[in-house]
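Chemist: Make the full structure from the sequences, and use the hints.
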Amino acid sequence: MNDLSASSRITYGAVPLQPGLARRVRGLSDKALAWLFITPTIVLLLAINIFPLVWTIYLSFTNYRANRSNAPVKWLGIDWYQTILTDPDIWAAMQVTAHFVFWTVVIETVLGFGLAFLIDKKFRGHGMWTTIILLPMMLSPAVVGNFWTFLYQPQIGLFNYMVAFLTGRSASSFQMLGDVTLSPWAIVIVDAWMWTPYVMLICLAGLRSIPDYIYEAAEVDRASKWRQFWSITLPMALPFIMLAVLFRGIENFKMFDMVNLLTGGGPGSTTEVASITLKRAAFESWRTGYSSAFAIILFVTVFGLANIYVKALNRVKSR
Amino acid sequence: MSIANTAHSVVEPSLNTRRLAGSLVVLYAVITMIPLVWIVLTSFKSPDDAISYPPKIVFTPSLEGYCNLFTTRSRQTPEFIRTLGPPQGLCDDIARSRNMVVAGPSNYVPRFVNSLIIAFGSTVLAVALGTLSAYGFSRFRVPLKDDLLFFILSTRMMPPIAVAIPIYLMYRTIGLSDTRLGMILLYTSVNVSLAVWLLKGFIDEIPREYEEAAMIDGYTRFQAFVKVVLPQATTGIAATAIFCLIFAWNEYAFAVLLTSGNAQTAPPFIPIIIGEGGQDWPAVAAGTTLFLVPIVVFTVLLRKHLLRGITFGAVRK
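Those protein sequence lines, which keep their order, are chains A and B. Heads up, the first sequence is in numbering that gives the first Met the number 0, so the first residue is 0 and it goes up one at a time. Heads up, the second sequence is in numbering that gives the first Met the number 0, so the first residue is 0 and it goes up one at a time.
By construction, these hints were calculated from the structure, which means they are not laboratory data. Glycine residues also receive a C-beta, built at the ideal position from the N, C-alpha and C atoms. Check the hints yourself; a few may be wrong.
[Stated by the list, open to error] The list that follows gives simulated cross-link-like pairs (lysine-lysine, PhoX-like), each with its CA atoms no further than 20 Å apart:
{"hint": "1", "chain 1": "B", "residue 1": "K144", "chain 2": "A", "residue 2": "K120"}
{"hint": "2", "chain 1": "A", "residue 1": "K30", "chain 2": "B", "residue 2": "K144"}
{"hint": "3", "chain 1": "A", "residue 1": "K121", "chain 2": "A", "residue 2": "K224"}
{"hint": "4", "chain 1": "B", "residue 1": "K144", "chain 2": "A", "residue 2": "K121"}
{"hint": "5", "chain 1": "A", "residue 1": "K120", "chain 2": "A", "residue 2": "K224"}
[Unchecked claim] Now the stretches of chain B that chain A is said to cover, found in silico as 3 or more residues with beta-carbon under 8 Å:
{"hint": "6", "stretch": "18-29"}
{"hint": "7", "stretch": "42-55"}
{"hint": "8", "stretch": "180-187"}
{"hint": "9", "stretch": "199-205"}
[Stated by the list, open to error] Reference listing, derived: stretches of chain A covered by chain B, where coverage requires no fewer than 3 residues with Cβ under 8 Å from a Cβ of chain B:
{"hint": "10", "stretch": "81-89"}
{"hint": "11", "stretch": "95-109"}
{"hint": "12", "stretch": "175-187"}
{"hint": "13", "stretch": "265-271"}
Modeler: In structure tokens, the structure reads:
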């Protein structure tokens with residue numbers, strides 16, 4: 000700490016502080032300073048996150064419509080919640096969402112863990128290849144949605160061409176984004192392409208956190224590689240895998256951009272995830288009260304599931 | 000990465016295992032790269048080459064995609080074009096070969112400028128607020144600290160669409176809708192949670208003794224923060240800034256829902272570039288490629304911090 004020279008001790012900037020002022024600045028207690036440091040962030044979050052949330056809760060009990068802001072607002076109580084929870088279309092959207100979350104998380108976890116396991120073998124150049132693999136998750140969903148739309152074009156797209164080349168079908172015989180059975184998988188493929196690296200990175204951290212001596216002890220005990228994998232690698236990496244699943248699960252439950260860009264919810268409503276239903280109700284039909292209630296239901300669902308899951312995660316961690 | 004550097008031990012995989020693992024990873028990396036490489040190639044194709052079947056790997060490079068991204072063109076008769084003087088630059092030359100002349104810059108330029116202003120503005124704000132709060136949470140006894148930190152994190156669990164409705168109404172009421180300031184504040188609020196969590200991790204690692212020594216030397220707490228902690232936290236602050244920048248740069252959902260023209264950023268704009276006879280794929284690819292470049296650079300720079308950044312600092316390498 001030599002750079003804190005004696006001459007600069009009681010100066011603040013270039014101006015030497017008056018003794019009284021110095022005492023007052025120093026007199027700003029740690030407690031006051033702590034609040035001074037933390038308050039701006041809290042205020043911002045209250046203004047731009049919590050206040051809107053509270054407003055959404057209020058709106059969800061009314062028949063307010065944002066495109067008719069002068070119309071008298073009627074208090075409806077829990078009507079919207081009843082409407083939504085008994086609407087088969089909403090349940091269909093929730094099912095589509097659940098399918099997406101399930102399949103993307105399963106595929107990303109299996110592939111991501113597999114890749115991490117391989118990279119952990121420290122072959123030559125693993126650092127460079129890891130960085131390359133990580134690229135997709137750094138991109139904008141808008142950009143990703145765009146170029147995959149291009150790749151999926153039946154007449155000109157590279158994806159169709161490659162599938163056609165490998166399977167011998169004709170490239171224009173199937174439409175990834177226009178076919179009711181294929182379009183959900185078209186989105187799953189893009190999501191897996193983009194986010195497998197994310198799971199891989201977290202799993203890699205998990206694998207690297209396992210100390211070598213445990214394996215050395217297992218070697219001494221002549222445990223087979225297979226046994227080592229099931230009894231050491233997997234259980235010790237499990238908290239990390241679960242963390243990755245948590246983050247991906249929350250993100251994919253909220254999934255909007257990719258679907259909006261690739262299919263917009265179609266064909267029909269085969270890829271209409273909850274966020275798309277919500278966007279349509281809120282910004283196309285302008286049913287603000289209704290969509291607010293749906294937004295609250297979604298938020299409570301994510302929040303509730305995440306909390307349950309975090310409890311499970313903590314149990315695994317503390318084992 | 001420390002474990003990777005430990006001395007050769009019995010658990011070091013055999014050369015064959017490593018080779019097999021290496022080839023599988025390289026195979027995955029190559030498959031991953033195909034879409035990216037393809038889009039960069041497409042950005043240098045002529046519109047005809049871009050939609051040819053089978054897809055062309057060998058083609059004559061063209062800058063038409065980039066020109067179409069940055070300019071608007073108007074159709075003219077060949078006779079009229081012949082009366083004009085020499086072409087005004089490369090893009091005009093390309094346009095004339097298609098019986099068009101460059102009419103002016105496209106909307107991409109102001110969108111791109113919006114992206115820059117909003118991304119940098121919100122990053123500076125989020126990092127500034129985040130650094131202060133992170134220091135506060137790291138060094139002081141704050142009542143309900145864990146609850147406040149969890150509250151900050153939980154703001155990220157909201158689906159963007161859910162917050163977009165009231166923010167849209169709120170901004171409309173106070174005159175912030177479709178303004179850059181509104182978007183800066185919104186992105187700051189999204190980024191600040193990441194910034195607080197990440198920076199708290201970085202600041203926790205700076206020994207408290209440094210500031211205590213400075214304070215014994217007569218510094219106030221605030222001076223110690225500015226002159227001792229901030230310089231020590233530079234790397235962490237830089238990494239956090241890049242993460243905030245990438246988020247704001249990439250964001251799509253809020254941008255598409257809350258902006259319409261004035262404050263719209265580039266991501267919602269790229270998908271709607273329509274040329275004559277449908278989607279102008281080389282122009283879309285060009286917009287995409289330009290958007291990829293800074294991200295690729297940042298990814299390489301961020302390698303070491305990537306894990307922290309994407310997990311809110313919950314996992315450290």
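Chemist: Against this structure, judge whether each hint is valid.
Modeler: Outcome of the hint check:
With a C-alpha separation of about 40 Å, the suggested pairing of K144 of chain B with K120 of chain A is violated against the 20 Å cut-off. Pair hint K30 of chain A plus K144 of chain B holds up; C-alpha atoms about 13 Å apart against a cutoff of 20 Å. At most 20 Å may separate the alpha-carbon atoms for a hinted pair to count; K121 of chain A and K224 of chain A meet this at roughly 17 Å. Proximity of K144 of chain B to K121 of chain A is assessed by CA-CA distance (about 40 Å); at most 20 Å being required, the pair is judged violated.
Taken as a hint, the K120 of chain A and K224 of chain A pair is honoured in the structure, with Cα atoms around 13 Å apart against an allowance of 20 Å. Remark: the stretch 18-29 of chain B is confirmed as covered by chain A, as 8 of its residues place a Cβ nearer than 8 Å to a Cβ of that chain, reaching the required three. Only when three residues or more bring their CB closer than 8 Å to a CB of chain A does the claim for the stretch 42-55 of chain B stand; here the count is 6, and the claim holds. Requiring three or more residues with a Cβ within less than 8 Å of a Cβ of chain A, the coverage given for the stretch 180-187 of chain B holds, as 3 such residues are present.
Beta-carbon proximity to chain A at under 8 Å applies to 0 residues in the stretch 199-205 of chain B; the threshold of 3 is not reached and the given coverage is violated. Under the rule that three or more residues need a Cβ within less than 8 Å of chain B, the assignment of the stretch 81-89 of chain A is violated, with 0 such residues. By the rule of at least three residues with a Cβ nearer than 8 Å to a Cβ of chain B, the coverage given for the stretch 95-109 of chain A is violated, with 0 such residues. For the stretch 175-187 of chain A, the proposed coverage by chain B is not satisfied: 0 residues have a C-beta within less than 8 Å of a C-beta in that chain, short of the threshold of three.
Coverage of a stretch by a chain is defined here by at least three residues with a beta carbon nearer than 8 Å to that chain's beta carbons; for the stretch 265-271 of chain A and chain B the count is 0, and the condition is violated.
The structure is inconsistent with the numbered hints 1, 4, 9, 10, 11, 12, 13, although it conforms to all the rest.
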